[in-house]
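Trainee: Letter by letter, the chains look like this.
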Amino acid sequence: MSAIVAASAQEARSSQGFRFAMLLPGALVTFLLILFALGLVIFLAFRGNDGSLLGAGFTMANFVTVVSDPLYWTVTLRSLVIAALVTLATVVTAYPVAYYLAFHAGRRRGLLLFLVTLPFWTSYLLRVFAWKIVLAYNGVLNSALIESGIWSEPTLAFLNTPAAVVVTLAHAYAPFAILPIYVALDTIPKSLIEAASDLGARPFTSFRRVVLPNSMPGVLAAALVVFVPTVGDYVTPALVGGPASTMIGTLIQAEFGKANDWPFGAALSVAVMLVILCVVLVARFADRRFGSRT
Amino acid sequence: MSEGRRTERGSGWLGVYVIAYLVFLYLPVLLIPLFSFNNSIQAAFPLQGFTLQWYATLFGNSALTNALLNSLVIGAVAATGATLCGITVSYMDLYGSSPLAATISAIARLPILIPGVIVGISLLILINLIGLGPSRIAIVLGHILVALPTTVVIMRSRFAAIPKTIREAALDLGASDWTTFRRVMLPLSLPAIVSAFMLAFLISFDEFIVVFFLAGTEPTLPLYIWSQLRFPKSLPTVMALGTSILAVSFAIAAAAEILRHRGLSAPAPADPSQPKQTKRGELQWHSI
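As given, the protein sequences belong to chains A and B, one line each in that order.
Last residue of the first sequence: 294 (our numbering), numbering continuous.
Last residue of the second sequence: 288 (our numbering), numbering continuous.
Simulated from the structure, these hints should not be mistaken for laboratory data.
Here the structure is a predicted model, which is why all the values come from computation and not from measurement.
Ideal Cβ placement from N, Cα and C applies to all residues, glycine included.
A few of these clues could be false.
[Unchecked claim] Covered stretches of chain B (in silico footprint by chain A; criterion: 3 or more residues with CB under 8 Å from a CB of chain A, positions within the stretch not fixed):
1. 53-66
2. 122-130
3. 155-169
4. 175-189
Just chain A, with the same shape it has in the complex (with noise of 0.2 Å):
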């Protein structure tokens, strides 16, 4: 009995131990990589610069300068502009693709699967590179246009505009917005569709009115992962860009940078997780109101 007794405590120690194995590297991870290093963030936002790590004495002056500088406004006005017109262009551009993956394509699935998945593991950098040599004076755009007789002038319209970091932006994030649409799509019961074409609803009518709100998680999901790394981006409108596209990251980076004033960086990053929450917020409201299957 005593035996019994032993070997079942002894049992429970190793689970013990195997838990906390387990879990250590994970909460490891996610208690001090993610939350204390965004926490150390949100501190630093509070404090004043003195040059120190740390800062000194705690003002909310970072974040009047943040409120009250027009410059600020504008350029996280642009931001969001920017980031709202790559999402909308990437989520509608993919949304016929994900629709033909999840009804149309067959036994090409699997291919059409793979192909634009692929571009999602290749170097963002190198595609945003890519556009850069697309869009130069001397660029592809440019010279191929003169050798197709179209114009006779290179011209620098391409490079350094708005325009040109939406492009780069939308073709960077489009892989990221095909599979949560084309999972939602896919996920949809086939009954339901049969059931709105026997119910004698005709083709456009289904999708409105069946597949397309069902697809509307999909689409959120999308459009968020699609949303929150552009509207923080400052590699792009670094190479494509020019000085009229400046977006929040880039002024974050320069904070960190060779402005040096770190407090103030953290505090437009704060600003920055607060925009993005509001957005998150809406998304969640929305994808209740469409009656989320999640």
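The hints should help you fit chain B onto chain A, whose structure is shown.
Mentor: This is chain B only, laid out in the frame that chain A set:
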């Protein structure tokens, strides 16, 4: 009859659209290899003839070699860390039945909702605070974080696709938690583990946004490319290097995709608590 023909025609147009979309997706990227073989310092038409001289400039460049070695070492270590975390976090999330494990799993997928620049600066503050400073270890930590959502999503969907009865049978037959994990669950998910490792390696190898803040004196390959972009003269070298990187990335990603679907014959059980998954195991990256 006419209805059927109309949908058919509609699907035909949709097929044309998908092809156009794929061309848009690949064309700009494929210009890099095209012009890397072009005998001109500018990336412009008309093409000036075939050359391999830009690839020759890649050899014997010690800054480039060092950056490559850095990227390889950092990628391997970060991918090991991210895969280990992905395995443990998703396993405990599914089978640990503890709120702590579920919380950890939720936070582990949070970096998707944080722009890279903020991940970068938050880690920059942290590594300075703990006295590490910008270094290769700092980059490894950053890349574990960036790759974590991917490894967690891959491993979680794989563990969820293993029938529950297999694990229960092992436990009923007296195997301890540890033995069940090591002898039953890990071998069954081996293809997904390898796939997660390869994709995590690729993420680290190609990552630029976060590494920009964490690198000290030893740049990685993307940082080396960034430093060369300022010089118009080194444009062809960057394109030759970029072509090599693209080729390696395509090969690793293709192998990882094939592995991820291997042995996944049975569809995931319809359990609402499991991640949503399609027949071929495509992943729901993020649900809000």
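Trainee: Work down the list of hints and note, for each, if the structure agrees.
Mentor: Results for each hint:
With 0 residues having a beta carbon nearer than 8 Å to a beta carbon of chain A, the region 53-66 of chain B misses the requirement of three or more and the stated coverage is violated. Restraint check on the region 122-130 of chain B versus chain A: 7 residues with Cβ-Cβ distances below 8 Å, three needed, restraint holds. Only when three residues or more bring their CB closer than 8 Å to a CB of chain A does the claim for the region 155-169 of chain B stand; here the count is 0, and the claim is violated. Evaluation of the coverage hint for the region 175-189 of chain B: fulfilled, as 4 residues show C-beta separations to chain A shorter than 8 Å, against a requirement of three.
Violation of the numbered hints given earlier is confined to hints 1 and 3; the remaining hints are satisfied by the structure.
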